[in-house]
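J.: Once you've looked at the hints, go ahead and assemble the two chains, each given alone in its own frame, into the complex.
In the order they appear, the protein sequences are chains A and B. Numbering-wise, the first sequence is residues 493 to 625 according to the numbering used here. Numbering-wise, the second sequence is residues 316 to 535 according to the numbering used here.
Worth flagging that the hints you see were computed from the coordinates, not collected in a lab. It is possible that part of the hints are untrue.
[To be verified] Chain A is faced by these chain B residues, among others (derived, beta-carbon under 10 angstroms):
id, residue
1, D389
2, E392
3, N394
4, H403
5, E421
[Unchecked claim] What follows is a list of derived Cβ distance ranges for each label pair:
id, chain 1, residue 1, chain 2, residue 2, range
6, A, A513, B, V434, 40 to 48 angstroms
7, B, K332, A, I581, 31 to 39 angstroms
8, A, Q506, B, E421, 46 to 54 angstroms
9, B, E340, A, L622, 24 to 32 angstroms
10, B, L454, A, G515, 54 to 62 angstroms
11, B, E460, A, A513, 49 to 57 angstroms
Given the structure is predicted, the values throughout are model-derived calculations rather than measurements. Glycine included, every Cβ here is placed at the ideal spot set by N, Cα and C.
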Amino acid sequence: MKIIIMGCGRVGAQLASLLDADGHKITVLDVDAHSFRRLPPSFGGTALVGDGTDEEMLRKAGIGEADAFVAVTQGDNRNVMAAQIAKNIFNVPKVICRIYDPLRKDVYEALGLEAVSPTTVFAQLLRDKLLAT
Amino acid sequence: MYIIIIGGGSVGYHLCKALLKEKHEVLVLDRDATKCENFEDELGSVCVRGDGCEVTTLAEAGVSRAEVFIAATDEDEDNLVACQVAKHKFGVPRTIARVNDPKNEEIFRKLGVDCPISVTNLILEHIEEKIPTHPLIHLLTMGEEKMEIVEVKILEGSKSAGKSVKELSLPSDSILALLIRNGQKPQVPTADTILEVNDRIIALTTTDSEQTLQEKLASD
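The shape of chain B in the complex, shown without the other chains (with noise of 0.2 angstroms):
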């Protein structure tokens, strides 16, 4: 496959290696001659010097024959920038944008780029699995979707152990996927299963009732 990268910083840089390494054909543009110079000799001749929001670059980069476009520099506006005339000048047909202020990626959204990725709400989101007093963990959002899957831990004294799936009235757009309790095979809720202390359960929910969900699965 074809992919375009915009900025050789460290994000651009570890994206083109891994790329590489599953055999893609990979360009990355750079506006620093250093940046480029550092690519030929670390990766050999896959980045070339220019920039990446300007047409006549692109168009010598071949962006109309890609099928990836990712523009990772660390400037939001360029990134929305670049990702916009590859594809509409380009036609490419998805463009993935680095965000670097979350408030932009639902702009980013909006304003047409594919698959934005906010590095600071991927950063929260380790964090947050990582402290475990935390009853809700995002698992995966799936933006376009409006959708998310999230783990939910029944914590000592939540007021849902004991107590039945139907009993908890869970908003009508979260689905309980898979219940994972200690020594046990995991299971796939029923509306009878009760709930116990310690569970661990996968759920599917809207970004809009993911507040909800957790009342009702796991406050006290």
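Okay, chain A solo, but in the shape it has when bound (with noise of 0.2 angstroms):
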């Protein structure tokens, strides 16, 4: 699959080197080049500086092509518009995207994006972690 991954922090640049070593074909954005340093050498994929909320620079990105679209940056309105960009103007088949705040996240999901609330996530495996015996 071709994917496209907006923000190379820490979960984008995890997420790019395991679908990488899976043999899949990944282009990383990042608005700043420092990130990059964060992928491991063995990365294989493509590594583009640019702003993911930009027409242009997804175009650039091959998103005419891409299989799929995550957007990880640490702005939730970032990861939204440059989802809904994704989604909405370019088509891409499968779009997910990172939304921190679990009201804004189920705001998204009725508006029909597929969105991932780490908050929530996390908060729930805090939770049964601390009462499992």
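T.: Right under this line is the structure:
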């Protein structure tokens, strides 16, 4: 699969290296070239400096042929905007975005966006760990 | 009318001031405490500190009874999300967003913002108007219909000068609405009206045909 990952933070870089190791064609986008230090030396995909909410930049990253798009920058709103551009303007078949704010996540899920809230997921995980005997 | 403005920068501030003067009920939301204090000092209690993209903040601000929601921060993604949350979660009938990057104007429209306003495009239009040799001036853009009202000046040497309107074979989706000729009352041009140098024409056209219209009327 051709997958575009927006945001090369800890999660973005980890995801990129996992998928790259599985043999997928990965393009990572980040506004800061310094973020690419997180990618492992073995990473065989493409790393591009640019803003994923910019249509032109997404075209350059090859969004026209992408099978999936993942938005995992620090900014909820940036993720939401980029994911909607990928889904509604470029018709990427699979789009996932991270939204820290659980309430905002609910709004966008109701609008048909596939979103994950690490806040909810992690809180539940901690609760389960605390209560496990 | 209850109007909510997100972003207490200079746009938000002056907008708030103008709307208060027109006796509207206005509430400004800004994340910055200092900005909120400034509002408090200058305009009274019209500003609440908070993130205008957050559902809880918007619920407390009573967004569900707002008739107009304006997102005027200098971050496009925040303006988009604030408008979408206001519209889809709280059912605000009219959402207006300031668009900082002109490329996003079309994207905002496609993603459901009722009225995206590109600041850069507005400035460009105004500058264009001030350049005297430019034959076509945008007067008004009606984004939703993709129509615009333009003014075209027949310059010295334009090949349309001395021709009648019907001879010009104008694009079918462009209408010449008004002809302004020096020293005369404005008139509605007909197919037989002969155009003259220095005539100013107010026309309604689609965005797609604008270029053709300009060529037919103003090129030499």
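J.: Would you mind marking each hint as holding or not holding in the structure?
T.: Hint by hint, here is what the structure shows:
no., hint, in the structure
1, D389, "violated (13 angstroms)"
2, E392, "holds (4 angstroms)"
3, N394, "holds (9 angstroms)"
4, H403, "holds (6 angstroms)"
5, E421, "holds (9 angstroms)"
6, A513(A) x V434(B): 40 to 48 angstroms, "holds (45 angstroms)"
7, K332(B) x I581(A): 31 to 39 angstroms, "holds (36 angstroms)"
8, Q506(A) x E421(B): 46 to 54 angstroms, "violated (35 angstroms)"
9, E340(B) x L622(A): 24 to 32 angstroms, "violated (47 angstroms)"
10, L454(B) x G515(A): 54 to 62 angstroms, "holds (57 angstroms)"
11, E460(B) x A513(A): 49 to 57 angstroms, "holds (51 angstroms)"
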